[in-house]
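A.B. asks: In order, the protein sequence lines correspond to chains A and B.
The opening residue of the first sequence carries number 1 in our numbering; numbering runs sequentially from there.
The opening residue of the second sequence carries number 1001 in our numbering; numbering runs sequentially from there.
Hints may be right or wrong, so weigh each one.
Stated by the list, open to error - Derived contacts from chain B toward chain A, CB cut-off under 7 Å, selection only:
{"no.": "1", "residue": "R1025"}
{"no.": "2", "residue": "L1027"}
{"no.": "3", "residue": "T1033"}
{"no.": "4", "residue": "V1077"}
{"no.": "5", "residue": "L1078"}
{"no.": "6", "residue": "A1082"}
{"no.": "7", "residue": "R1084"}
{"no.": "8", "residue": "P1087"}
{"no.": "9", "residue": "A1194"}
{"no.": "10", "residue": "S1197"}
{"no.": "11", "residue": "L1200"}
Think of the hints as simulated: they come from the structure by calculation, not from any bench.
Please read these numbers as outputs of a predicted model, since none were measured by experiment.
Even for Gly, the Cβ is constructed at its ideal location relative to N, Cα and C.
So you can see what is in the structure, the chains are spelled out below.
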Amino acid sequence: MTGAKQPFEAVVAEHGATVLRVCRAVLGPHPDAEDAWSETFLAALRAYPGLPADANIQAWLVTIAHRKAIDVTRARQRRAVPVGDVPEAARAGGAAGGPGGPAGGGDDPAAGDEDVWAAVSALPVKQRQAVAYHYLAALPYKDIAALVGGSTEAARRAAADGIRNLRTAFAGAAAKGADR
Amino acid sequence: MTSTVGEPGVSALLGITAPGDGELRRLHDRLATAADEDGILDIGYTTIDSPVGPLLLAATARGLLRVAYQNEDHDRVLSVLASRVSPRILRAPQRLDAAAREIAEYFAGRRTTFDLPLDFSLSHGFRQLVQQRLPQIGYGNTRSYGQVAEMVGHPNAVRAVGTACATNPVPIVVPCHRVVRADGSLGGYAGGPAAKSTLLALEAA
């Protein structure tokens, strides 16, 4: 089977979690992230037979996810829900137990999640994207630059600034969690 | 990513973006359904338990494409389908509902013929001709390789009939297990001799 393409099922199994993390980091803990995941894999399945056998599949998927997240964000804006309200909306959805709520109703909500989400949503969009693509999906900075615009160096700086901001928020959340 | 292990910002992000329990499975199923509706699920598959071990069932939109025994290595079978038919393959049990039901009925002794659309795109020429005629050997009966050769109008093609049976892409449903040696011994079988005798014993009961 040398050089042969693996069944798409294996692509979903191998990269599904990473792509969901990326969608969620970019869009927030919101059903929109699941919609972006679905649109990403549906588009990927459609194009899969034409993908070169030696392609970097994860980078390819992140590229599609980037575009699908933008589509979802635009659709959300058309519904007149301000982007800045993402974490608030997500918390409301989680409290209501709505389908596809934050972390799928995970069994161990860590103390301070809301603080981290607040920090993520407070990041400038390019920082949020750069952090998600580089730290969650190992996308090289030059590929990130191609997606979000600007130079490779700017993408590197955006990721570094973003992760520093998150680190600060994480430290704050941890301290707050310890107080409980 | 190893260079970021221990980075608190990354840990925080990994913590809050983690998929929930069953979330990826639910998303996968939603994807399979949407792909089927969009006509881009070229092959859907599932695995079922049976008295002859776990069986892989795979189908195109045209019909049942492949039934594979565990000893054929299901992952390897799917890889072959990816290269020979299409890599657009997802686990999609709903596409195999009818096949799974009929096979279960067969093993329960409640079904003697299969009424399933078949996709023979994995076999060609004489092999496909033989495979398409095998259902003419009725439940509980057997024929020798030579008799099948005569049945398809090529009495000298005994060896080729053997190859056609050995390469049957949909065993059980296309009953190559009903073809045995002229001396009454079992002959070969993709699922192994034990599976072949289990099927023949089931049908003799």
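A.B. asks: Against chain A, run the beta carbon of L1200/B and see if the smallest gap drops under 7 Å.
C.D. replies: Violated: closest Cβ of chain A sits about 33 Å from L1200/B, beyond 7 Å.
A.B. asks: Less than 7 Å between beta-carbons is the criterion; does S1197/B satisfy it with respect to chain A?
C.D. replies: violated (32 Å)
A.B. asks: Minimum Cβ distance from L1078/B to chain A below 7 Å?
C.D. replies: Because about 5 Å separates L1078/B from the closest Cβ in chain A, which is inside the 7 Å limit, the hint holds.
A.B. asks: Hint check: is the beta carbon of R1084/B less than 7 Å from a beta carbon of chain A?
C.D. replies: Result: violated, 9 Å to nearest chain A Cβ.
A.B. asks: Would the hint on V1077/B stand, with a C-beta cut-off of 7 Å toward chain A?
C.D. replies: With Cβ-Cβ at 10 Å, over 7 Å, it is violated.
A.B. asks: Can P1087/B be said to touch chain A, with a Cβ gap under 7 Å?
C.D. replies: With a minimum Cβ separation of about 4 Å from chain A (threshold 7 Å), the hint on P1087/B holds.
A.B. asks: Do the numbers back the hint for R1025/B, that is, is its least Cβ distance to chain A under 7 Å?
C.D. replies: violated (9 Å)
A.B. asks: Tell me if the interface restraint on A1082/B is satisfied: Cβ within less than 7 Å of some Cβ in chain A.
C.D. replies: Given a least distance of 5 Å, the restraint on A1082/B holds.
A.B. asks: Should the interface hint for A1194/B be scored as holding, given a Cβ-Cβ cut-off of 7 Å against chain A?
C.D. replies: Since chain A brings no Cβ nearer than about 28 Å to A1194/B, farther than 7 Å, the hint is violated.
A.B. asks: Does the interface hint hold: is T1033/B within less than 7 Å of chain A, judged Cβ to Cβ?
C.D. replies: The hint is violated - T1033/B has no Cβ within 7 Å of chain A, the shortest such distance being about 10 Å.
A.B. asks: Please check whether L1027/B passes as an interface residue: C-beta within 7 Å of a C-beta belonging to chain A.
C.D. replies: Hint on L1027/B: holds, closest Cβ of chain A at ~6 Å, below 7 Å.
Hint compliance for this structure: hints 1, 3, 4, 7, 9, 10, 11 are not met, and every other hint is.
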